[in-house]
Amino acid sequence: MFKERLRSAVFVIALVNLLFFLLELVGGFSSSTLLRLGAQYGPLVDRGQYNRLITAMFLHGGVLHLFFNMYALVYLGTIIERVYSTPKFVVAYFLSGVVGNIATQIFYHDTISIGASGAIFGLVGMLFSAGRRSDIPYYVRPITGAALLPIIVFNLFLGFAAGNINNAAHIGGLLTGIVLGLKISPRYTWRSWRVWNFLMIVVIAVAFLSFFFLFLQPSIDPRAVIEFHNSFTSILNDLNQGRLVSLSDVLAIKPVDKDSEKLKSMLLSHMEEGSPSLVEVVSAFLKWRERILRDYEGLIFER
43 MFKERLRSAV
53 FVIALVNLLF
63 FLLELVGGFS
73 SSTLLRLGAQ
83 YGPLVDRGQY
93 NRLITAMFLH
103 GGVLHLFFNM
113 YALVYLGTII
123 ERVYSTPKFV
133 VAYFLSGVVG
143 NIATQIFYHD
153 TISIGASGAI
163 FGLVGMLFSA
173 GRRSDIPYYV
183 RPITGAALLP
193 IIVFNLFLGF
203 AAGNINNAAH
213 IGGLLTGIVL
223 GLKISPRYTW
233 RSWRVWNFLM
243 IVVIAVAFLS
253 FFFLFLQPSI
263 DPRAVIEFHN
273 SFTSILNDLN
283 QGRLVSLSDV
293 LAIKPVDKDS
303 EKLKSMLLSH
313 MEEGSPSLVE
323 VVSAFLKWRE
333 RILRDYEGLI
343 FER
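Heads up: the sequence shown begins at 43 in this note's numbering, then just goes up one per residue.
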């Protein structure tokens with residue numbers, strides 16, 4: 043029995059969540075750590091980092107957040123995986139989580155969002171609507187349908203009452219799970235077995251690619267951005283007012299991305315060769331600042 047659980051998708055997903063939580067502990071749960079590990083943040087998703095709709099499902103904001111989500115995953119996920127099969131569980135879990143995060147993108151666009159709650163609510167919704175099916179095993183029926191209403195109502199109420207709970211992900215995942223529970227049968231035909239296994243492989247591949255692309259994407263620490271911005275602004279102000287600026291001050295500036303490296307090179311070239319002009323350097327800096335403030339709105343404030 044224990045070896046069977048070790049091979050289950052529920053166990054694998056829970057283990058990955060735990061591993062990422064350990065990485066969060068090492069990073070100190072800062073905004074930059076969460077973003078680097080794949081947290082969802084609307085402006086970054088707008089720029090094409092759609093993989094965050096998946097990677098954010100494996101991050102949590104604290105021990106209790108992780109514990110309650112993993113408890114629900116193991117309890118509900120084990121039931122669904124046994125009744126419906128591993129492929130159907132995997133597809134339902136990830137689809138519910140992604141739809142929940144799409145809802146987050148709409149309603150909590152400028153907030154860093156993490157957690158598996160959308161996917162977990164998808165499992166709740168799936169069991170809720172499964173109570174209306176005639177092909178659900180009799181031993182599962184006591185935990186389907188109306189039996190889950192108190193859990194659903196309580197958690198949604200808690201989400202609206204508390205200020206830091208993402209109910210958009212909860213509702214998005216729940217509705218997705220309800221639809222899946224109505225449409226997906228626990229029974230199999232040979233053709234459907236092949237289809238569901240193919241879908242599971244696609245989902246797993248997309249999840250792996252999401253983390254792969256995460257490590258290819260530029261990761262910017264908001265604190266480093268602020269430091270670069272303030273240092274560069276100070277030097278530009280000194281130059282504009284005719285005060286002496288040493289090359290060592292410019293060399294000490296630490297760029298945060300390719301564009302800021304280019305800005306530093308432009309400034310050095312201006313001081314050493316007089317080209318480009320100070321006006322051109324300032325113009326390029328203002329364009330960079332506008333993009334950064336847009337991408338990290340809510341995290342980096344212009345002062």
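Honestly, I wouldn't trust all of these hints.
[Unchecked claim] In silico DSS-like links for lysine-lysine, alpha-carbon gap of 25 Å or less:
id : residue 1 : residue 2
1  : Lys-329   : Lys-300
2  : Lys-304   : Lys-329
3  : Lys-306   : Lys-296
4  : Lys-329   : Lys-296
5  : Lys-306   : Lys-329
[To be verified] Have a look at the derived ranges for each label pair, beta carbon to beta carbon:
id : residue 1 : residue 2 : range
6  : Ala-204   : Leu-286   : 34 to 44 Å
7  : Val-68    : Asn-206   : 42 to 52 Å
8  : Phe-110   : Leu-310   : 18 to 28 Å
9  : Asn-206   : Glu-315   : 25 to 35 Å
10 : Glu-269   : Ile-185   : 46 to 56 Å
11 : Glu-269   : Asn-239   : 48 to 58 Å
Simulated from the structure, these hints should not be mistaken for laboratory data.
Think of the CB as a built atom: it goes at the ideal place given N, C-alpha and C, for glycine as much as any other residue.
We went through each hint and held it up to the structure:
Our distance criterion of 25 Å between C-alpha atoms is met by Lys-329 and Lys-300, whose separation comes to about 14 Å. Distance hint between Lys-304 and Lys-329 is fulfilled; the C-alpha atoms sit about 12 Å from each other, no more than 25 Å. Our distance criterion of 25 Å between C-alpha atoms is met by Lys-306 and Lys-296, whose separation comes to about 9 Å. The hinted pair formed by Lys-329 and Lys-296 meets the criterion: a straight-line CA distance of about 18 Å does not exceed 25 Å.
Annotation: proposed proximity of Lys-306 to Lys-329 holds, straight-line Cα distance about 14 Å (limit 25 Å). The hinted range of 34 to 44 Å is not satisfied by Ala-204 and Leu-286, whose Cβ atoms lie roughly 55 Å apart. Checking the proposed 42 to 52 Å range against Val-68 and Asn-206 shows it is violated: the Cβ atoms sit about 23 Å from each other. Our hint of 18 to 28 Å for Phe-110 and Leu-310 is violated, since their Cβ atoms are close to 53 Å apart.
Between Asn-206 and Glu-315 the CB atoms are about 52 Å apart, so this pair departs from the stated range of 25 to 35 Å. A hinted range of 46 to 56 Å holds for the C-beta pair Glu-269 and Ile-185, which are about 53 Å apart. Between Glu-269 and Asn-239 the beta carbon distance is about 50 Å. The supplied range of 48 to 58 Å therefore holds.
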